[in-house]
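*Asks:* Construct the complete structure from the given sequences, taking the supplied hints into account.
Number of protein chains: 2
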Amino acid sequence: MSHCIATYRIHDDRADFHKKAESIAVGMTVGSWTELPQAKREAMKKHLGEVYAVEVHESADGTEGSRYADVRIAYPDVNFSRDIPALLVTVFGKISMDGRIKLISLDLSDNFLSSFPGPKFGIDGIRQLLGVYDRPLLMSIFKSVIGLNAAELREQFIRQARGGVDLVKDDEILFENDLTPIETRVRLCMDAARDVEEETGKRLLYAANLTGRTSGLKEQALRAIDAGANALLFNVLSYGYDVLQELSSDPDLTVPLMAHPALAGALYPSPHYGIAAPVLLGQLMRVAGADLVLFPSPYGSVTMPREENLSIRDQLHTTSLGMKRSMPVPSAGIHPGLVPKILRDFGTDVVVNAGGGIHGHPMGTEAGGQAFVQAIDAAVNGISLTEQAASHPALKAALDIWGGE
Amino acid sequence: MSHCIATYRIHDDRADFHKKAESIAVGMTVGSWTELPQAKREAMKKHLGEVYAVEVHESADGTEGSRYADVRIAYPDVNFSRDIPALLVTVFGKISMDGRIKLISLDLSDNFLSSFPGPKFGIDGIRQLLGVYDRPLLMSIFKSVIGLNAAELREQFIRQARGGVDLVKDDEILFENDLTPIETRVRLCMDAARDVEEETGKRLLYAANLTGRTSGLKEQALRAIDAGANALLFNVLSYGYDVLQELSSDPDLTVPLMAHPALAGALYPSPHYGIAAPVLLGQLMRVAGADLVLFPSPYGSVTMPREENLSIRDQLHTTSLGMKRSMPVPSAGIHPGLVPKILRDFGTDVVVNAGGGIHGHPMGTEAGGQAFVQAIDAAVNGISLTEQAASHPALKAALDIWGGE
Numbered sequence: 001m002s003h004c005i006a007t008y009r010i011h012d013d014r015a016d017f018h019k020k021a022e023s024i025a026v027g028m029t030v031g032s033w034t035e036l037p038q039a040k041r042e043a044m045k046k047h048l049g050e051v052y053a054v055e056v057h058e059s060a061d062g063t064e065g066s067r068y069a070d071v072r073i074a075y076p077d078v079n080f081s082r083d084i085p086a087l088l089v090t091v092f093g094k095i096s097m098d099g100r101i102k103l104i105s106l107d108l109s110d111n112f113l114s115s116f117p118g119p120k121f122g123i124d125g126i127r128q129l130l131g132v133y134d135r136p137l138l139m140s141i142f143k144s145v146i147g148l149n150a151a152e153l154r155e156q157f158i159r160q161a162r163g164g165v166d167l168v169k170d171d172e173i174l175f176e177n178d179l180t181p182i183e184t185r186v187r188l189c190m191d192a193a194r195d196v197e198e199e200t201g202k203r204l205l206y207a208a209n210l211t212g213r214t215s216g217l218k219e220q221a222l223r224a225i226d227a228g229a230n231a232l233l234f235n236v237l238s239y240g241y242d243v244l245q246e247l248s249s250d251p252d253l254t255v256p257l258m259a260h261p262a263l264a265g266a267l268y269p270s271p272h273y274g275i276a277a278p279v280l281l282g283q284l285m286r287v288a289g290a291d292l293v294l295f296p297s298p299y300g301s302v303t304m305p306r307e308e309n310l311s312i313r314d315q316l317h318t319t320s321l322g323m324k325r326s327m328p329v330p331s332a333g334i335h336p337g338l339v340p341k342i343l344r345d346f347g348t349d350v351v352v353n354a355g356g357g358i359h360g361h362p363m364g365t366e367a368g369g370q371a372f373v374q375a376i377d378a379a380v381n382g383i384s385l386t387e388q389a390a391s392h393p394a395l396k397a398a399l400d401i402w403g404g405e
Numbered sequence: 001m002s003h004c005i006a007t008y009r010i011h012d013d014r015a016d017f018h019k020k021a022e023s024i025a026v027g028m029t030v031g032s033w034t035e036l037p038q039a040k041r042e043a044m045k046k047h048l049g050e051v052y053a054v055e056v057h058e059s060a061d062g063t064e065g066s067r068y069a070d071v072r073i074a075y076p077d078v079n080f081s082r083d084i085p086a087l088l089v090t091v092f093g094k095i096s097m098d099g100r101i102k103l104i105s106l107d108l109s110d111n112f113l114s115s116f117p118g119p120k121f122g123i124d125g126i127r128q129l130l131g132v133y134d135r136p137l138l139m140s141i142f143k144s145v146i147g148l149n150a151a152e153l154r155e156q157f158i159r160q161a162r163g164g165v166d167l168v169k170d171d172e173i174l175f176e177n178d179l180t181p182i183e184t185r186v187r188l189c190m191d192a193a194r195d196v197e198e199e200t201g202k203r204l205l206y207a208a209n210l211t212g213r214t215s216g217l218k219e220q221a222l223r224a225i226d227a228g229a230n231a232l233l234f235n236v237l238s239y240g241y242d243v244l245q246e247l248s249s250d251p252d253l254t255v256p257l258m259a260h261p262a263l264a265g266a267l268y269p270s271p272h273y274g275i276a277a278p279v280l281l282g283q284l285m286r287v288a289g290a291d292l293v294l295f296p297s298p299y300g301s302v303t304m305p306r307e308e309n310l311s312i313r314d315q316l317h318t319t320s321l322g323m324k325r326s327m328p329v330p331s332a333g334i335h336p337g338l339v340p341k342i343l344r345d346f347g348t349d350v351v352v353n354a355g356g357g358i359h360g361h362p363m364g365t366e367a368g369g370q371a372f373v374q375a376i377d378a379a380v381n382g383i384s385l386t387e388q389a390a391s392h393p394a395l396k397a398a399l400d401i402w403g404g405e
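Chains as they are written, first to last, in the numbering used here: chain A, 1 to 405; chain B, 1 to 405.
Warning: the hint list may mix true and false statements.
The list cannot tell twin chains apart, which means a pair is met if one copy fits it or any two copies do.
[Claimed, not checked] Listed below are the simulated SDA-like cross-link pairs for lysine to any residue, each with C-alpha atoms no more than 25 Å apart in a straight line:
(1) K19 - G333
(2) K218 - S249
(3) K143 - R72
(4) K40 - I158
(5) K143 - H3
(6) K143 - E183
(7) K143 - H47
(8) K20 - P305
To be clear, the hints were calculated from the coordinates, so they are not data collected in a lab.
*Replies:* Structure, rendered in structure tokens:
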């Protein structure tokens, strides 16, 4: 029988975790079991949740609040439809409100996953679009764009593009506005991208922020694509995974989708509640079809523990899912000195993504991009940043203010 | 200048909360301020967030983790579009991932709210549909319905209806399935409702669970309404508030919408992270157009502190929002003995909602409903339950096993 397995971490100083596990397995599926007559049980058996494992971690020193169990429950696929809302309501709907319980992992069945096409481009598709195969990609983030007019936006785009970045993304808080509505933004940025490409020969993806009412998203995406957009940014958690899936699986939407983690901090950081980051920002983003996924890096001010980051990476990279791989984009606090570390943590299939680390460069935004290009070049060729910096002033200036290997 | 104000509770043992507040006000709006030239500041001033208040709560005894501040930031309405995703990304997008920060309240401007029609029916509209004006409503929840066939479903519906309930709702984990797809469910339940109405003269709303892919929801709702549905249940948080708003504001959807809180426990219970229950299950549900809103009661096993419950109630009841009021449905652990307490806490504009408290009645489901009817009748007439129970065996049996006043 095909099923999806949810693993919960339940904190409780006194609970009988085995009994608790049974009550979840029954309560979240058939509702009651022991009181059912035998004939009824036969018919209901295929719907009954099953306790797969209960791993109790007793508090070593009896500290209040430190006793917990990891409980694995198998939910028969026959109970729910093939969409992420149904999955989440089944495995974490009512039970999310029942004490200190956190959803820490999901094992999705092949049967369930077969309804999810996944990312349309994935890592390989994005590399093909850019013609870059052998190194991490470099992305720059528009900064302080609220209130900018078209000319100011073009100027900032060009400064970023000339630095040698592969991707530029909108700020996620830039919504439709009179000065730079999405078609205007796309046209002027893609024009600027072509101008810079003529100078440098470098292709560039610009991810415009898709916003507004749910039913208008597709039409807005099509208008952006008509205007020349070659990527789109999307605040997935403010809409729901299913909306991302509808966009990603729409044959008319012919560009990569970049998932922004806005609001994710409301869900993953508590040890007691919520949904763990590898599920929230790794697995479900990929299953819903994100080609690139941003998440808080373990390096900067907005941080996430390194193991959680690597676990997100694994969810985006694993070949076991039967769908294209998504590009991890660890974000926040990234400066050129971190590039060797990012490569060690993520391999080359990663986007090095910087805002302040590019715009805040002492020699300006263009040099900010160049410093990263130089750092990436050094790192993939096994040259130390210090050595590379000796002949590359932009990198040297970055290392001088931000440090690095 | 029109703006929306977000209040955050930030836990930090050492932070300079005033500086932190400034960094949020600037960082979540214009991005930078002190480094802007004067001329640029003039143009950007209307986009700049503003610190309204910083109320620091120093730890009385220096206990680690107990120092916090409530920080109020005003976000100019001009910065974001008139939809809930834009609002949430603006006030709690990136900042949700920056340490121990919880969104505890939102003051929405009249300007912002003017784009939200709110509930189509609201408390008064639901009362009109039922013809019940002077007492709390009574709702019963289908139990253990996964795997039931149409005949079994009808039988359970009739037992609930005969008990005298005003509303019956689907289980939120009942998705589209071969045995009882939504049209079949609606037809058989509404047939059963008419049969019972002929006996009792009592009208009844049945909320069928709207599920599946986002783009199919409207069509599914229309099919359900065509089949006779007079209410719909919706797992809002698994889809996003905007999807609820699109459904609630659609003129073709001519029935009340009932919001289920599935997944809410991933967001509200932590003192350090997430979105407070009154915002999550009160204000935003109503703004998005829910006519009835379920949330964990303060009485049962799945509990929420009483003050949070009353604050949800206030968000649903307040006349200051300029839109119809939503019906609060405190749920879980409700039995007839709690009815006087529910009335004291919520007034008469509340739905008394029971699952186990009806189906688990020692004399059966029908008596389970009757016991609640008797309890409500007593409570609104100022008769004690004990006195009422003396001449009402169903209520007496309920009080004997579950207790009560």
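*Asks:* If a hint holds in the structure, say so; if it doesn't, say that too.
*Replies:* Cross-check of the supplied hints:
1. Taking the shortest Cα distances, K19 and G333 sit within 25 Å of each other only across copies (19 Å), while inside one copy they are farther apart (45 Å).
2. In the homo-oligomer, the alpha carbons of K218 and S249 lie at most 25 Å apart both inside one protomer (11 Å) and across protomers (19 Å), since each shortest distance falls under that limit.
3. In the homo-oligomer, the alpha carbons of K143 and R72 lie at most 25 Å apart only across protomers (24 Å), although the nearest pairing inside one protomer, at 44 Å, exceeds that limit.
4. Proximity of K40 and I158 under a CA criterion of 25 Å is satisfied inter-copy only: 20 Å between copies versus 69 Å inside one chain copy.
5. Taking the closest pair of Cα atoms, K143 and H3 come within 25 Å of each other only across two copies (22 Å); inside a single copy the shortest separation is 45 Å, beyond that limit.
6. For the identical chains of this complex, K143 and E183 are intra-copy neighbours only, at 19 Å inside a copy versus 51 Å across copies, given an alpha-carbon limit of 25 Å.
7. Taking the closest pair of Cα atoms, K143 and H47 come within 25 Å of each other only across two copies (14 Å); inside a single copy the shortest separation is 51 Å, beyond that limit.
8. For the homomeric pair K20 and P305, the shortest alpha-carbon distance between copies (22 Å) is at most 25 Å, but the shortest distance inside one copy (29 Å) is not.
Checked against the numbered hints given earlier, the structure satisfies every one of them.
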